[in-house]
Amino acid sequence: MKLALSLLLATGCGQALAARLVIWMVGDDKTPRLMQPAVEAYRARHPGVAIEVRDVPWADAMTKYSAALASRRGPDLITASSSYAISLGAKGALVDLNQAAPELARELDRHANPGALRAIRSPDGVLYGAPFDMHVQLQYHRTDLLARAPADWDGFLATARALRAQGHGFAQQWGNTNWLGFYPYLRQSGGAVYDASCRRAIIDSPEAVRALTYYARLYRELQAPTDGWPDADGGLESGAYGLMQSGTWLLSRLDMTHKGLVGKWAAAPLPTGPTGKRTAVLGGTVLAVMRFSPNRELALDFMRTLYQPEVTRRMAEAALQYGGMWLPSGRQDQIAALPLPHRQALLDQLADAEGPPPCPAWMRQDYIVTRAVQRVVLADGDPQTELSRAAAVMSRALAVQGPKP
Amino acid sequence: MIWRRHRRHLKDALLVAPFFALFALFGVWPVLRSAWLSFTDYHATDDPVWVGTRNYAELFADERFWTALGNTATYMASVSVIAVVLGLVLALNFGSNSRLHQWVRVAFFLPAVAGGVGAISAWKWLANSEAYGLFNSIRAAFGLEPARFLGDPQWTMPVLVLVGVWSVLGYNLIIFVAGLRAIPEDLYQAARLDGASRWQQLLHITLPNLRPTLVYVSVTGMVASFQVFYEPYLLYGAVDTLGGPLDSALMLVTYLFDRGFRQLDLGVASAAAWVLTTLLFGLTWINLRFIGREGAR
Numbered sequence: 000m001k002l003a004l005s006l007l008l009a010t011g012c013g014q015a016l017a018a019r020l021v022i023w024m025v026g027d028d029k030t031p032r033l034m035q036p037a038v039e040a041y042r043a044r045h046p047g048v049a050i051e052v053r054d055v056p057w058a059d060a061m062t063k064y065s066a067a068l069a070s071r072r073g074p075d076l077i078t079a080s081s082s083y084a085i086s087l088g089a090k091g092a093l094v095d096l097n098q099a100a101p102e103l104a105r106e107l108d109r110h111a112n113p114g115a116l117r118a119i120r121s122p123d124g125v126l127y128g129a130p131f132d133m134h135v136q137l138q139y140h141r142t143d144l145l146a147r148a149p150a151d152w153d154g155f156l157a158t159a160r161a162l163r164a165q166g167h168g169f170a171q172q173w174g175n176t177n178w179l180g181f182y183p184y185l186r187q188s189g190g191a192v193y194d195a196s197c198r199r200a201i202i203d204s205p206e207a208v209r210a211l212t213y214y215a216r217l218y219r220e221l222q223a224p225t226d227g228w229p230d231a232d233g234g235l236e237s238g239a240y241g242l243m244q245s246g247t248w249l250l251s252r253l254d255m256t257h258k259g260l261v262g263k264w265a266a267a268p269l270p271t272g273p274t275g276k277r278t279a280v281l282g283g284t285v286l287a288v289m290r291f292s293p294n295r296e297l298a299l300d301f302m303r304t305l306y307q308p309e310v311t312r313r314m315a316e317a318a319l320q321y322g323g324m325w326l327p328s329g330r331q332d333q334i335a336a337l338p339l340p341h342r343q344a345l346l347d348q349l350a351d352a353e354g355p356p357p358c359p360a361w362m363r364q365d366y367i368v369t370r371a372v373q374r375v376v377l378a379d380g381d382p383q384t385e386l387s388r389a390a391a392v393m394s395r396a397l398a399v400q401g402p403k404p
Numbered sequence: 000m001i002w003r004r005h006r007r008h009l010k011d012a013l014l015v016a017p018f019f020a021l022f023a024l025f026g027v028w029p030v031l032r033s034a035w036l037s038f039t040d041y042h043a044t045d046d047p048v049w050v051g052t053r054n055y056a057e058l059f060a061d062e063r064f065w066t067a068l069g070n071t072a073t074y075m076a077s078v079s080v081i082a083v084v085l086g087l088v089l090a091l092n093f094g095s096n097s098r099l100h101q102w103v104r105v106a107f108f109l110p111a112v113a114g115g116v117g118a119i120s121a122w123k124w125l126a127n128s129e130a131y132g133l134f135n136s137i138r139a140a141f142g143l144e145p146a147r148f149l150g151d152p153q154w155t156m157p158v159l160v161l162v163g164v165w166s167v168l169g170y171n172l173i174i175f176v177a178g179l180r181a182i183p184e185d186l187y188q189a190a191r192l193d194g195a196s197r198w199q200q201l202l203h204i205t206l207p208n209l210r211p212t213l214v215y216v217s218v219t220g221m222v223a224s225f226q227v228f229y230e231p232y233l234l235y236g237a238v239d240t241l242g243g244p245l246d247s248a249l250m251l252v253t254y255l256f257d258r259g260f261r262q263l264d265l266g267v268a269s270a271a272a273w274v275l276t277t278l279l280f281g282l283t284w285i286n287l288r289f290i291g292r293e294g295a296r
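Those sequence lines, one after another, are chains A and B. For the first sequence, counting from 1, position 203 maps to 202 in numbering that gives the first Met the number 0; every step adds exactly one. For the second sequence, counting from 1, position 33 maps to 32 in numbering that gives the first Met the number 0; every step adds exactly one.
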């Protein structure tokens, strides 16, 4: 929390404050500004409540949250990456919205992005938070080098090969050579990491093997960079890459950070796989109430306020005004009305996106899938062998420990 | 009688008491607490539950722990040896008060002052896979294909060692220069009168007299290398992965961080911390026992 934006509103400063609601948001120093419309709406209903919104850097979030949990003090509300929110919830850190705010849970069922909602709901139906914002992967390409982005797996390889012959490569940025980069291909081929009960790993299915075989071709045939986070946007500007895959945050940033790209790029959904699906990873954050919050009811009421359509709309517009992009995963119905760049590509991809496996054990097993992917991509391993080995290790651990985090 | 004898020390004790209180609170207590936590099942959300040595058994059965230990040992040995040898060579060649030597020392010491996140980010730029990364630009000048410095497990350790040596070399150089200046000039004059060559002077005067400095630089360098965290974390880590390609950048502290603050296995993380502490004690003891004893002899 190097930089914190405290939104202690001065209205009603003559009266004693009844309570203080503390919200920690993962992101940078601009992130708390996003909350301003929700804070204003909430303050109109609860003039005696002070609200403090702080930013927590992504890299430090779990450290801060675990320290807060250990001390039984800290924020009332947090935003947390959807990658680890379910793990936090299963460890008892977060309030179950089904129990605490059933009407809000029903509202989310109606309006939230289904993939985002699945990612925060445990196999036994516990809802550990509300989808807050989201990002998905998209294809970005140079329009002066490529008229249209490829539509399916075969088309993608053919297009990327042709670009490469002209000296323009391909790069995957978000999740490159780890489970997150592989996950869209797994889902597009009809595979999954776990069965529905989260008690058995099925990452060695024929669909998964097919996906990993294809994924490895991006590196073996197209010589895509294997860095953890290649400079794909810089490469798109320089022409080193003609085609790349990264997150939707670039939609609002590319023109600002790469002046040479203005008017020379376009975005498109991911290519479809053998099942006809174009599933992307759905990342982002969830908004959740901490179990130890002394202001649980106030915090839940803040959530109810935030998910009112008018409030989420104002938040999304506020984000655009400061050059960011906030896609309210809890009110996906609002997105179509926002003046977003490349909106249709975004909407098409949001309609087919899945979060990380909603299994509590995933957080401690994700590296096993990453290792299998890297053994194939970096060490020429055999997809079937590596995925079978991964599935065996994961299932063995699940048999011993159960599906707990 | 006793009270009167010790009364004059009361003021002194009161003056140092705040330090000892803070040291006990923020130094001793967390260490003792982590020792206890290493024998418990603890996830921060509920009270710790005693599980005996289960965390240590789990740790030693974890393939990733051994990978992290192997990587850390390789890194420590490489950085310690290279930084000590190069630091000594530089100190022997740039240890005078001439303006040139002073500037050389400043240049080598700069990374120790200006290191941190910014410097590692610059290294990331230099080593990136794109053809316009500096390292790859140099390779291209020689007609070589771009290398995946940050995406190929074979390059991970050389890159980390390079960054590690770069960041500590200047510090070692300054310490060695101070150590060299403490050696009495009379010894060299006497040796020269006896016809000793420069090599003989180095072997029989410089190195034996420099042993305390060597022990100090080696021990502190090994301890620091063993605790390396932010170089591999910033160069190879991401939100969804910490170990780099095939866990080739996974170090003991990175592993500890992953278990403790990403998976919230604070019991296992505490066990890993105690294994790390024990190894550091062992290494320091070996260093002091062998190099220190040789020095005394």
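Errors might be hidden in some of the hints.
Chain A is faced by these chain B residues, among others (derived, beta-carbon under 7 Å) [stated by the list, open to error]:
hint, residue
1, 39
2, 53
3, 146
4, 149
5, 245
In silico contact screen, one side only, chain A against chain B (beta carbon under 10 Å); selected entries [claimed, not checked]:
hint, residue
6, 83
7, 91
8, 95
9, 384
Think of the hints as simulated: they come from the structure by calculation, not from any bench. All of these numbers come straight from a predicted model, not from anything done at the bench. All C-beta atoms in this analysis are idealised placements derived from N, C-alpha and C, irrespective of residue type, glycine included.
Outcome of the hint check:
The closest approach between the C-beta of residue 39 (chain B) and any C-beta of chain A is roughly 12 Å, which is over the 7 Å cut-off, so the hint fails. Given hint, residue 53 (chain B) at the interface with chain A, is violated; its Cβ is 12 Å from that chain's nearest Cβ, farther than 7 Å. Violation of the interface hint for residue 146 (chain B) is found here, the shortest Cβ-Cβ separation to chain A being roughly 11 Å, above the 7 Å cut-off. The closest approach between the C-beta of residue 149 (chain B) and any C-beta of chain A is roughly 4 Å, which is under the 7 Å cut-off, so the hint is satisfied.
Checking residue 245 (chain B) against chain A by beta carbon gives a least distance of about 5 Å; that is within 7 Å, so the hint holds. Taking 10 Å as the C-beta cut-off, the interface hint given for residue 83 (chain A) holds, the closest approach to chain B being about 7 Å. This hint holds: residue 91 (chain A) has a C-beta 4 Å from the nearest C-beta of chain B, less than the 10 Å allowed. The closest approach between the C-beta of residue 95 (chain A) and any C-beta of chain B is roughly 14 Å, which is over the 10 Å cut-off, so the hint fails.
Hint on residue 384 (chain A) is violated. Least Cβ distance to chain B is approximately 15 Å, over the 10 Å limit.
When held up to the earlier numbered hints, the structure conflicts with 1, 2, 3, 8, 9 and fits the remainder.
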